[in-house]
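Student: Here's the letter readout for the chains.
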Amino acid sequence: MSADQEMLDLFVQESSEHLQTLETDLMALESNPTDNALLNSIFRSVHSIKGGAGFFGFDPIVKLAHVMESVMSLLRDAVLKADQPMVSLLISTSDKLNLMLVNPERAIEIACEGEIAGLKAILDGTSSGTTPSARKGGEKPPAKNTKIKSDSVFDKELARFNFHPDDLLDGLKHGQNFYIVQAELAKEIESQSQTLENFVSELASLGTLIGTEASLPDHVTLSNCAAADVSCRFFFVTALEPFILCGALGLGDENIHQIDSSKLGEWVKTAPAQNMAPIVHEPQEIEEKPPEAVVSQSIVPTSPTVPTIATKPAEPTATQIDPKPVAAAKRKPEETIRISVGLLDSLMNLAGEMVLGRNRLLRIAGRSDTGSDNSQMQSVVQEISSVTSNLQDTIMRARLQPVGSLFGKFTRIVRDLSHKLDKQIQLEIFGDDVELDRTLLEGLSDPLTHLVRNSVDHGIEIPANRIAKGKTSCGTIRLSAAHLAGRVQIEVLDDGGGMDPERLKAKAVEKGVITTEQASQMTDSDALQLIFAAGFSTAEAVSDISGRGVGMDVVKTNIEKLGGHVELESRLGQGTRIIIRLPLTLAIVPALIVGCRGTTYALPQINVDEIVHPGEEYPLKSMGGARVLELRGQLLPVVDLSDLLGHPPRENTKQENFVVVLRLDHVSYGLIVNEIISNEEIVVKPLGRHLRSVSYYTGATILGQGEIAVILDPNSMAQGRISASQLAQNASKSNEAALSESTSERVLIFQETNGEFLAIHLKKVMRVESVKASDIERIGSMDCLRKNHDSTLRLVQLSDLLPIKPQTQRGDEFFLIVPRPPFDGLCLVASRIVDSADLSDDQIDRATFKARGLKGSAVLSDRLSLVLDFDAIAEMLTAGGDETSVFAQGHFMLTANSQKPGHSQHHITQLPNANAPATLTN
Amino acid sequence: MKTTNQKGDFKITPGLELNTSTVETAAAQLEKALQKADAAKSVEIDLSQTSAFDSGTVKILLALAQECQTRGLNLKIQASEEAKQFLNLFHLQRRMSIITQEDAE
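Listed in order, the protein sequences are those of chains A and B.
Each residue of the first sequence is one higher than the last, beginning at 1 in my numbering.
Each residue of the second sequence is one higher than the last, beginning at 1 in my numbering.
Same shape as in the complex, but just chain A:
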């Protein structure tokens, strides 16, 4: 790409950013027409676009921007006051500039005569929108600062300085900018903790100082000089634009007055050389007012155009956002750098490849057959592993962008739609500094747009109806984003009319989505979910805004494709709340690796609730042609992965199966697989084009052994296989909520040694692993499980914390019980997994065995077991001050699997049942 093309691309990019700011500011101007900060910001944006366009010679853009700038100048000087028609015209002009910038070289093709005529009419004072405001104290409005009043004033200004006209020639020849920089020495220079010498030195480094003049006000004498300040004026020439000069010197725009170079050029031709004559004291008014005669264009600082990752505080900001004024203080050196998205994507891919290579290296280094002593190599490999993970994390962070960049566009959307529908709507934005991976942000744009448009169209009532209902005439739509439990939660909340479940059911029956019988059995909560059905719309008429019935199902599908899910809550007459939950990134996800007919697949861990070994306790049954799993009193529909994927029927019918219980929103189902292999954080790779049409696959990954595993989509696998009625049967609160509300809870019984039986509530357990002693590393005084990545799993001996029989020697193989996050960086050591059982609160004897970390004791499966209080144990581990109490933080990681699937001797153990042996089967 040539340098010119690069500069042009940069101009287009920067101008687009200016136009985004411009649009936001214009929206805010409607409500705050006299806000000087807004007016200045708008002026700066237009001025910057005009300047850049002028540099490239894009005259149509310059022409349009110039007339807009002129109107803004009058608004800024309070000659005019903005009203709604004027703001609409300015917004329309901004839109035309936007269109022109799509292809600046063909900007002439964009029709903007209407905008130019309208703006010129304002300038000429013939538009109805012009409202000359009363200036303070009846002052006359300032003359348009587009030309010098008289040459005599010009002479007078320049006479203050001692210079030769030839001193100006170089600057004139090179088209540089001439300024008079005015500052009070103590108040504006020394107050910024810089010396006068440094200031003058800085000034001189930015250009050429032609002349300097220092003076005191006329009335100041020796007797009263203490309170006065010296006013200094520097006649200065530089290539810098005014806003850059302001920033470099740490002065405000009122300190810097630009001189019209063309007039200066004319003056040079005719003016005599200046003498070293003593200064004649100037009249007071020249000291105080900006020299209007010489100022030919307004001086306005503009904000830096290099984009930064904005980090606005998560505070509520209404549609009328107050733009932050440009700081007059010295700017810090540039802290950001512009980088292409393609480069970031490449870095991400390379980091992913590095992770995979690192995984393989770890496996090779960990193999006992590689040599007698490879501890040095392992140490190096661990270092590489750590650096690789850090690199990966850093690059992932670089891809994050604030959701504010997406939320910002809704200001305009809500404004335009509300005007079109004659509704009054205020948009509130919260948490616009929350960051998301840019891929997610891009994927979220359309669904969120649809949801906001729906809120405007269907949600918020017209003012008359709102007032009749006792509401304010202005409705509110609130867009918010927040981090929650490792995900990003985005909400669209309105205080509109809400949804009528009965009406939804009626429409669904009418459209054949559900039967009358199903409708009669449906709860209000389930009825709300009907809007996600394809072809469903309750709009009386199709409008260009909404009502075609192809919206919400597509919204749901698109969000689920991003790895998220969408929920809806609504109350008739009060409003609707739509919640979208998304992962932070799509690039790396924790996954459960499973095997089916010798092929390896990956399931997103976020959807995995538990793993069950079907048998007597959890029997698989057939009901009405569908297979179900009886799981703790509930019938869970199941899908056989091998049937789903079309694997041929197996010959060995004795092969054991596992059921992975998958959770989607409020529904759950089981997936029958042959093997549970491992948990891994996988790098998501896109599918090849020949596999993209398979709806069950969302991507692929390369496992540590180097083999490829396809990533399965739990949503797609459920659709078409599990009937709506089955899902409706399961549509209820989440398992966790169900567990917490039930009187009896499931506990896992285990032993740390051959001593006491211990019981831990299963809701606290994420998973159980069996490991070899050789997989454990001693780091300091802690035993840790050697991992693929840099994060470690710290082993906790409960006998160190509880009054139980201590473990004298660990066996060659044992178990690790890994708790749920945020404590998944540690694991409890168990020599034996005994059983699981139901335990109700009243079964716990809290009197006999009392200790911190224990709830009490109970007889479970005919054994006396100590019931652990895991919350207290976690507290003990995190609150201690000594080395042993600091537990390793990190993500969950498994032992490296040095063997191929099908030969798994260890790794994931499903939650056991009474009939299964204590260890995993192969």
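Hint data in this document are derived by calculation from the structure and do not stem from the laboratory.
As the structure is a prediction and not an experimental result, all values here were calculated from the model.
Possibly wrong hints are sitting among the right ones.
Unchecked claim - Pair ranges (Cβ atoms, derived): (1) B:Asn88 / A:Ala248: 20 to 26 angstroms; (2) B:Ala52 / A:Leu343: 37 to 43 angstroms; (3) A:Gly265 / B:Gly8: 47 to 53 angstroms; (4) A:Val268 / B:Lys36: 47 to 53 angstroms; (5) A:Val268 / B:Ala52: 36 to 42 angstroms; (6) A:Phe55 / B:Ala52: 42 to 48 angstroms.
Where is the CB? At the ideal position from N, CA and C, for every residue including glycine.
Given the structure of chain A, go ahead and fit chain B onto it with the hints provided.
Tutor: Structure of chain B alone, referenced to chain A:
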């Protein structure tokens, strides 16, 4: 503050630094000293004791220059090279004569 009058040259040795920290005191003393300078043609201020220069230095000298102009006196500043460089930043040489020891020699 020490003053001498030699052949029409009224010399003032401030005895203190002339900068922001001493503006009020210095200005008052200078004003008082100038009252004795009516018969002189020029006023010379010895800046050799001032080591720290700031806006207060400029302010005092400008006020002094104004006072001298009112009284019809020429103002001279006896300064070190460093002081001269500082004062020249603001082109004060247009309002007063700034002389260093080297210049005098």
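Student: Tell me, which hint numbers fail for this structure?
Tutor: 2
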